[in-house]
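**Q** Chain by chain, the residues:
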Amino acid sequence: AQSVTQLGSHVSVSEGALVLLRCNYSSSVPPYLFWYVQYPNQGLQLLLKYTTGATLVKGINGFEAEFKKSETSFHLTKPSAHMSDAAEYFCAVGSGGYQKVTFGTGTKLQVIP
Amino acid sequence: KAGVTQTPRYLIKTRGQQVTLSCSPISGHRSVSWYQQTPGQGLQFLFEYFSETQRNKGNFPGRFSGRQFSNSRSEMNVSTLELGDSALYLCASSLEWNTGELFFGEGSRLTVL
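If you're matching them up, the sequences are chains A and B in order.
Each residue of the first sequence is one higher than the one before, counting from 1 in the numbering used here.
Each residue of the second sequence is one higher than the one before, counting from 1 in the numbering used here.
Just so you know, not all the hints are guaranteed correct.
[As the list claims (entries may be wrong)] With a cut-off of at most 25 Å between alpha-carbon atoms, the simulated BS3-like pairs for lysine-lysine come out as follows: (1) A:K108 to A:K68; (2) A:K100 to B:K13; (3) A:K49 to B:K57; (4) A:K100 to A:K69.
If you are wondering where the hints come from, they were derived from the structure by calculation, not from laboratory data.
Chain A on its own, in the form it takes in the complex:
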């Protein structure tokens, strides 16, 4: 079985401040990990993914995430928040095979000018 826990359903940051969105996963096999972003009235868009290899993954729009196996974490960061980053962010875990992709409950990011 696999699961994802996103800490904090709402996060507020000031424009220009560091963005940190937390995600912890549970998987019985080596996981594939993803971050998706959803803007209002739109579908989800892939920000970045980790499958194997380098543990620091860079994505679109300046976001990156680090896979830490020892902590079972895959936190999303961005050095400097922009107003356009305001959206809902979803962490997801998959493991291939017959396991479906499981999404977290989402974190809404508010960027304060």
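Fit chain B to the given chain A structure using the hints.
**A** For chain B alone, kept in the frame of chain A given last:
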């Protein structure tokens, strides 16, 4: 390259009716997944199809069904609609089965009165 197209975008039904939602995946993508998104339950997996075969199914009642055609287009059907079926239904396609790298459509927003 055209993205994932879902139709209709918005629809209103009454309890007891049935509804069919359509999804056209990105050209060349053979896997289609469906998710239900609600404020209370978040993203919940409905089912995934690959090469016209259902590969995974979520925990939804039998009123929810789907299928995939030979051109990879997919439909989902909900019969005997209930108020709780009001949601955003998202379709996602991927190149191969269960990779987790999903490309989402903008969704079909269903309101049940």
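**Q** It remains to establish, for every hint, whether it holds in the given structure.
**A** So, going through the hints one by one against the coordinates:
1. A:K108 to A:K68: 23 Å, holds
2. A:K100 to B:K13: 30 Å, violated
3. A:K49 to B:K57: 23 Å, holds
4. A:K100 to A:K69: 21 Å, holds
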